[in-house]
Amino acid sequence: MSKDAMTTAEPRPPMDKRFDPESYEPRLAAWWHERDFFRGDADDPRESFCIMIPPPNVTGKLHMGHALQTALQDLLTRWKRMQGYNALWVPGTDHAGIATQLMVERALAEEGTSRREIGRAAFVERCWRWKQEYHDNIRRQLLRLGASCDFSRERFTMDEGLSRAVTEAFVRLHREGLIYRGEYMVNWSPQLDTAVSDLEVEMKTVAGKLYHVAYPVEGSDERIVVATTRPETMLGDTAVAKHPDDERYRHLTGRAAILPLVGRRLPFVDDEVVEREFGTGLVKVTPSHDPADFEIGKRHDLPRVEVIGRDGRMTARSGDFAGLDRFEARRQVVERLRAEGWLVKVEDYTHNVGHSQRGGEPVEPLVSLQWFCDVEGMARRALAAVEDGRLALVPESWVKTWEHWLGNIKPWCISRQLWWGHRIPAFSDREGRVHVARDIEEAARQAGVAPEELTQDGDVLDTWFSSGLWPFSTLGWPDDTADLRAFHPTDVLVTGHDILFFWVARMAMFGLHFTDDVPFRTVHLTGLVRDADGVKMSKTKGNVLDPLDLAAEYGADALRFTLSILDAPGRDIPMDLERMAGYRGFCNKIWNATRFALARIGEDDRVQTAIDPAELAAPERWILARLSATAAEVDARFGEYRFDEACNRLYHFFWGELCDWYIELAKPALFGDAPRPRVGDVLLTVLDHALRLLHPVMPFLTEELWHRLPGREALHPETIALAPYPERVPAWEDAATEERMAALIEAVTRLRALRADLEVPPAEAVAVTLRADDEATSAFLAEQAPLVAALVRASSVTVAAPAEGAARDLVAGIELGLVAPRRELGAVERERLEAELGKLAGEIAAAEGRLANEQFLAKAPPAVVAGNRARLAELVERRERIRAGLEAGAEG
RNA sequence: AGGCCCGUAGCUCAGUUGGUUAGAGCGCUACGUUGACAUCGUAGAGGUCAGCGGUUCGAGUCCGCUCGGGCCUACCA
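Per our numbering, residue 462 is the first one in the first sequence, and the count goes up by one each step.
Source of the hints: derived by calculation from the structure; they are not laboratory data.
In silico EDC-like links for lysine to aspartate or glutamate, alpha-carbon gap of 20 Å or less:
#1 K1300 with E1335
#2 K522 with D959
#3 K861 with E837
Use the sequences and the hints to build the structure in full.
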């Protein structure tokens, strides 16, 4: 099939009774990208709109969270593109250091080998092959979901350009003194065999034990008692701490305890962090294996005795316990303490223990030589950017969390003892001096040695270091590129709140530091996609949904619409398949409404670019007014990231106002029973607008249908994606018609209810009367009588007082009368009216009470008081009509 | 330990700055193939807005407390 075969000039296949997304979605996705509609142009003079995709990890396929973010990013991009912005959405993927390395290691294990066995170069090569495979998958999935991103600009965090940006950022920060290397306590994951950052540690509440251990005091018979949850670390104790003001232990100042099992002398030190109320108020100090103790150790210049190694086993310095796993060592230490009489008591104790997010095992706090980034200054700028409004968080409730985290930030451990990632650009010479430089040649010049004498640091950088540069590294930074000038700062970032600190905060900090500007103006934080019962999706629970399966079953449009309408601020998203089936029904409704219109319009009817309501009848004026209001509201809601409300409005406009009412109102005219001017033109024009309004949410269906509308070429010759987004049309607004039509709709609904109450069979016609007090409304009712007759299946609709024995009611100022041949006011109707009278009595009493209250009259705004008066009058009148109806019924 | 969010119909959720009668979808009930759609149409039932107290002429909405659920941050060993 040639490209032309898919262009709009070709007739499309006849429309089936049911829409079949599979028949056009993949075709349109391919066509869009072949035709290159979504390329951003740095030289385009129009205002730009840019979104950077949160790069999915190349570890697997896209999950529901990606689908949600893809839907919303595409919605925004398509919306802005149609509004005439120079829109660009840049796709890409993340190398995901630890995650990918683990996957590849697992694959190797299945082959009976390991990364150590095959060596670093071969391992990294395997990672690249892995990346290619999953990257291609992700690209296919984005296409399938209808993503209108510019694939010509697709990036990967480890491609050449981005790697250069990483090196440049590292070198600059190092020269500014913000990156340094040092021995500090870090979170060590023995399973992953690497350090991880504070953020990669998950606190879990675990049921453990609190061991109370007696330590003898040197040169006396006194024993003090300390408590610990980790007895194995006592082998590395080098002091006992007490609070400086603790009178109970004043006599211990300057003295020392003796460490049981080991015999080491532990001086008593005074430190403010000791809580006097906890336990005995004395704390064993293990500077090598506890973050708090590490700090105490630094303050008091205590020696560090490392008894647990990087493999999670006890070191040679642990004496008899050397070689034991840390948890086995705990058991054996406790046994020895008990045997030797040092164990005072053991209590059950629930406490929080840090676990490695990826590895799953408890992290081991260890002192090691790592690279750190001092982010305090950058954090202050990121805080200020949110405070002064340059960077908006949506929903705003995240601002406090942002402030709390950035206000208490600590140095970021950025080195990882992994093989997959960006190698740290630091080179050691033979004397062990370290030279940070962009490449080995630059390092050699700095060191004044030959490149061969240098060896590069074996560690790689935390994945989030490169992700932190994403919004501008993807546009060519550190070079001053046309893309960077045209599209940076980007406009919106759409991402899950779970990576606010990992990623969003780092981008804000790096962006402000390196480009002196925010990397994006708005961050829209989404909830997490859960299953229908609100349970987090996980493989072990078996409740994981695959977006591609859903796209196949429901259509990508229904999936996107469901995700968008469920994106309420500050809430997680319960993914309900029944609900999605409902929105698939909505797609079908749109399909069939269009099918109906195309089958019924006249030969010369066309989509209009301008239409004058003055030449139209009331139903046409009404739907155009509703359309204008809808366009205005949708635009406003998109603008404030209320995708849920925008989609709700679109749903109710299309299904409720257009299908349920306007199309029904148009039928008598379309079938020639009661011709009205330009009904076909109006119907096509409204459909065109509705499809364009829906396009950002349902790109496929709207594209497919729009091409069938005669006359739509005037808006764009090729694609709805580049047609203008509908706006409010002041000339279509018509409050008087809206009010009258609203009353008419209410009257019809009420008359149908009366029919149902009287149990009139659907095929049986009734006689209807309508009456209004004012002449204008009466004239309007007379004019619309045939329509009312069609909608309520009436043999006659006259403007008159209710006939003798008619069922009556009053809605929106219209007095209704309905007579069904051979039907009297039945028990059902009587019962309903009695109930209605009871309810009215309550409402009338409430309104009268309010209006009798002088405080209310004095303090409430006049409009509210007037509203209450009008309301009361209407309630009373309605009560009178219903009473009259009941009496007439009783007589008849 | 601190912070944030949530509690509205059987279920999942909306409800803008306090203002007349609290909404939607699904589910449920009754009826229905008149010329697009049974992935449909028409009508309907269903809520003391978690509880208590306060502010106010007026509170689902604002304030305080209690109970219940979730999330985030945190060096009490």
